Amino acid sequence: MKTCVDGRNMVALPMILASVLGELILGGKTVDILIGLQRNLIDQQKKKRAQQVRSSIPAMNRILATKAGSNVYRLRIPWRSFSNDAAPKLSSPNAGDPVKGSEAQQYDIAIVGGGMVGLALACSLASKPLTKHLNVAIVDSNPALGRKNFIKKDDLPDARVSTITPAAISFLKDINAWRFVEQHRHAYFDQMQVWDYTGLSYAKYNARDADKEILGCVVENKVLLSSLLSHVQDMDFLKKIHPSRLTSMSILPNSSSSEVDSTSSMTALFTHGRLAKLELEDGSSLYAKLVVGADGGKSRVRELAGIRTTGWNYSQNAIICTVEHAVENHCAWQRFLPSGPLAVLPIGDKFSNIVWTMTPKESSDFKSMTDDDFLKAVNHALDYGYGPHPTSGILGSSDLFSWLKGGISSSANDCFEIPPKVIKLASERMAFPLSLRHANDYASKRVVLIGDAAHTVHPLAGQGVNLGFGDASSLSSVISEGIAVGTDIGEVSLLKKYEADRKPANITMMAVLDGFQKAYSVDFGPLNFLRAAAFHGAHHISPLKKSIISYASGEMRLPLFA
Amino acid sequence: MASSKLLSQPRWHRLLRRNLPNARLFSGLPSQHPVSVPEPQNHGDPKSNNTFKTASSAPSSLKEAELAKFAAISDTWWDSEGPFKPLHNMNPTRLAFIRSTLCRHFRKDPLSARPFEGLRIIDVGCGGGILSEPLARMGAIVTGIDAVEKNIKIARLHANMDPTTSNIEYCCTTAEKLVDEQRKFDAVIALEVIEHVADSAEFCKSLSALTAHEGATVVSTLNRSMRSYASAIVAAEYLLHWLPKGTHQWSSFLTPEELTMILKRASVDVKEMAGFVFNPITGRWSLSDDISVNYIAFGTKDTNEE
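Sequence order for the protein chains is S and A. Here the first sequence stands for residues 2 to 563, where the numbers follow our numbering. Here the second sequence stands for residues 2 to 307, where the numbers follow our numbering.
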């Protein structure tokens, strides 16, 4: 009796975990990230070491200058506006206005990276009463940011898409950006089917299992970007877009004992540590109280701030492309194949997006084969390829889970379906290597990282951009709370609140996705059975199904203890 | 659970003159600690505004060394990851209470980034200026006073680094001296001070005298309860060493009833009270109804009785 109970417990945890994993993976993906992330690792380590040496000198605890030594930098700061006498009578203590007549401009916040997450932060700040007065600069060299409405409705769908969770949709609605998305192509879906190549089991989810309308919405990244941009351009918000790249960043210590004794250096004292200085490729420079690194997986801000990352590359590539069906697709599909999952996501009209994970060698084959061969391979993989169709009787009906059953979930009787056939390739095929990377810190003095700069996840999850929107939402709330109580928005203690808010959520999601990737990278009898059991349980146990859907929707933090 | 608020607050020095014996107060402090050098005070030397001159006639070479020292000290005081981390941690919670009560009382827009625009506020026992600066950023015209000259220097040095705080008026003086000068403020704030003064009733009278007609007074302190003894003295001073031993004398703490009463006698009518509780898991403070350890009271001046 006792062993029996123990045995069940041992099965239960991996089962629940695996089913959560199964669900999440189906989400979708953001693939415009994660290339060659280890590039700067060695440089960073060197820099870090140099920094450690510097930080041992008490008065200079943090100096992040790329090219020049810290002393040189300190003296060079061309900050004349606040002289000894002028400072007390500066009549606009708001400091929100850029300083006129100076070659450098001063902002409250400089967002480096005008991608989806960076723009979402700007929109979110503009939507809050306490932060809408902030003076914000966006630094990005993407020429699209200077244009209006850069997408046309008739374009074929772009292969780079994101699956937006209901939680992220409500965030985008709050910041008034979702209405722009709805004017363009997007596809809500309310069903998902997950199955694997062993034919042992499958799971089908329906939004109504969790009393929801939808499970998510698939949107092209360019649609998201242009929607956020239209909103930024429409807003009555102090912002400026600098069409350039960041070359260096310096943040000086709060004050320096070696300088206070001479009057001339008082000028420098005023700015020491109170503003970060950014230098751009076009030769201009700007100052900000807070620098937000929203510049993606290869974040320059993260590198310049000396923040290290932890992570690894998977020996897997993802092939992404747009395909066309004969009929409209309303369901998200995912099948686990021996070398990785294949996902088919609806993106509106008769189009779907494909993300197929495989070994690098396979990916080069699949990328170079003819369109017809590729379509055949996709249809084969979604049907009888690699193994039989699953049937629900294989695990001896639902006896195995009778002890856990809270009631048969409403979609448990939905039968396994074969996805609609793919008839045409609608875009070129692109291949991306997969990797996982997480910044050890999200915040340091006057610097904070959001989105892929802080965490690059397995792209198949589609959680990448959702986690990024979560970051933007959290950071703007933290800044707003800080302003409410008169905090300097670059204070580490304030920024650490954002880190404490987001890090556990992001790490959980990354661990789930990574664990999932590993669970499916092994083809081993008992493990296959366990996976099948997980699917089976997830399919039949209604409370579990509900919590899986809620977690995948971005509404819950802990998948296991709802 | 709450640890002493005082760990955060090196405010125990202001009003040094009437304080507990210095030796007791500062015995356990590290030498570079901002409050560790209780030199003989030149109480309230008001001419120290905007200069770093000390009242003593030290040779100029010494002055430079002093300045360097203050700068280094200032770094420690304001290092949010340093020894004063608990203070920085608690500050937003105190400010949240002050923000909400003052906005209501003065009918200011709580959705404004600078709701205190136009209000004259005095921070009695400002220490390094950790409360004064946020108040200035919220728009107030702030005066910070502290009986310890060094604290004032540090506060001024730090505030001058940011144009949004450089207009704070810092004075090394006492509340009583300002009463003599007949200064009045819309709001008088004295956080974590009253438990260190010799005569709390007199002190409350001074706070009241500084408060303008229909103004507000905010006072925070430690309750005299078993829990405050356990957390503020046993835990914070002896077990965790967050505070030097002897920082607090439990018997000199005031209960909320006593504080309300002595404020009432000083014509300040306590309208609202809240407790601060520390969550050891998140490491954050929050406002609560639990006033058994740290608490803050907001009162308005009852001018009829004056």
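Hints listed in this document are in silico derivations from the structure and should not be mistaken for laboratory results. Just so it is clear, the structure is predicted and the values come from calculations on it, not from any experiment. We put the beta carbon where it would ideally sit given N, CA and C, even for glycine. Check before you lean on any hint, since a few could be wrong.
[Unchecked claim] Each pair of labels, with its calculated beta carbon distance range:
1. S:ARG209 to A:LYS272: 49 to 55 Å
2. S:ASN143 to A:GLU118: 34 to 40 Å
3. S:MET431 to A:GLU118: 37 to 43 Å
4. A:ASP290 to S:GLU214: 36 to 42 Å
5. S:TRP313 to A:PRO281: 46 to 52 Å
6. A:PHE107 to S:GLY147: 41 to 47 Å
[Said to hold, decoys possible] Below, computed lysine to any residue pairings styled on SDA-like, alpha-carbon distance capped at 25 Å:
7. A:LYS272 to A:ARG115
8. S:LYS241 to A:SER287
9. S:LYS240 to A:LEU112
10. S:LYS129 to A:LYS109
11. S:LYS504 to A:GLU118
12. S:LYS129 to A:MET262
13. S:LYS133 to A:GLU118
Restraint check for LYS272 of chain A with ARG115 of chain A, where alpha carbons must lie at most 25 Å apart: Status holds; Cα separation ~24 Å.
In this structure, is the beta-carbon distance linking ASN143 of chain S and GLU118 of chain A contained in 34 to 40 Å? 39 Å, holds
Given the hint that LYS129 of chain S pairs with LYS109 of chain A, test it: the Cα-Cα distance must not exceed 25 Å. At roughly 18 Å apart (the allowed maximum being 25 Å), LYS109 of chain A and LYS129 of chain S satisfy the hint.
Cβ-Cβ distance between ARG209 of chain S and LYS272 of chain A: within 49 to 55 Å? Holds - the Cβ-Cβ distance for ARG209 of chain S and LYS272 of chain A, about 51 Å, lies within 49 to 55 Å.
Need the status of pair LYS129 of chain S, MET262 of chain A: alpha-carbon distance at most 25 Å? Between LYS129 of chain S and MET262 of chain A the Cα gap is close to 41 Å, so the pair fails against 25 Å, i.e. violated.
Would the hint linking LYS504 of chain S and GLU118 of chain A be met if the CA-CA limit is 25 Å? Distance of about 36 Å is beyond 25 Å: violated.
Outcome of range test on Cβ distance (TRP313 of chain S, PRO281 of chain A; 46 to 52 Å): With a Cβ separation near 35 Å, TRP313 of chain S and PRO281 of chain A fall outside 46 to 52 Å, so the hint is violated.
MET431 of chain S and GLU118 of chain A, beta-carbon distance inside 37 to 43 Å? Given range 37 to 43 Å: violated, Cβ gap about 54 Å.
Hey, LYS241 of chain S versus SER287 of chain A, does the alpha-carbon distance stay inside 25 Å? Answer violated: LYS241 of chain S to SER287 of chain A is near 37 Å, above 25 Å.
Taking the Cβ atom of PHE107 of chain A and the Cβ atom of GLY147 of chain S, is their distance within the range 41 to 47 Å? The hint (41 to 47 Å, Cβ to Cβ) holds, given that PHE107 of chain A and GLY147 of chain S are roughly 45 Å apart.
Quick one, are LYS240 of chain S and LEU112 of chain A close enough, alpha carbons at most 25 Å? 21 Å, holds
Just to be sure I understand the hint, the distance between the Cβ atoms of ASP290 of chain A and GLU214 of chain S should be within 36 to 42 Å; is that true here? For GLU214 of chain S against ASP290 of chain A, whose Cβ atoms are near 40 Å apart, the range 36 to 42 Å holds.
Taken one by one, the earlier hints fail for this structure at numbers 3, 5, 8, 11, 12, listed in ascending order.
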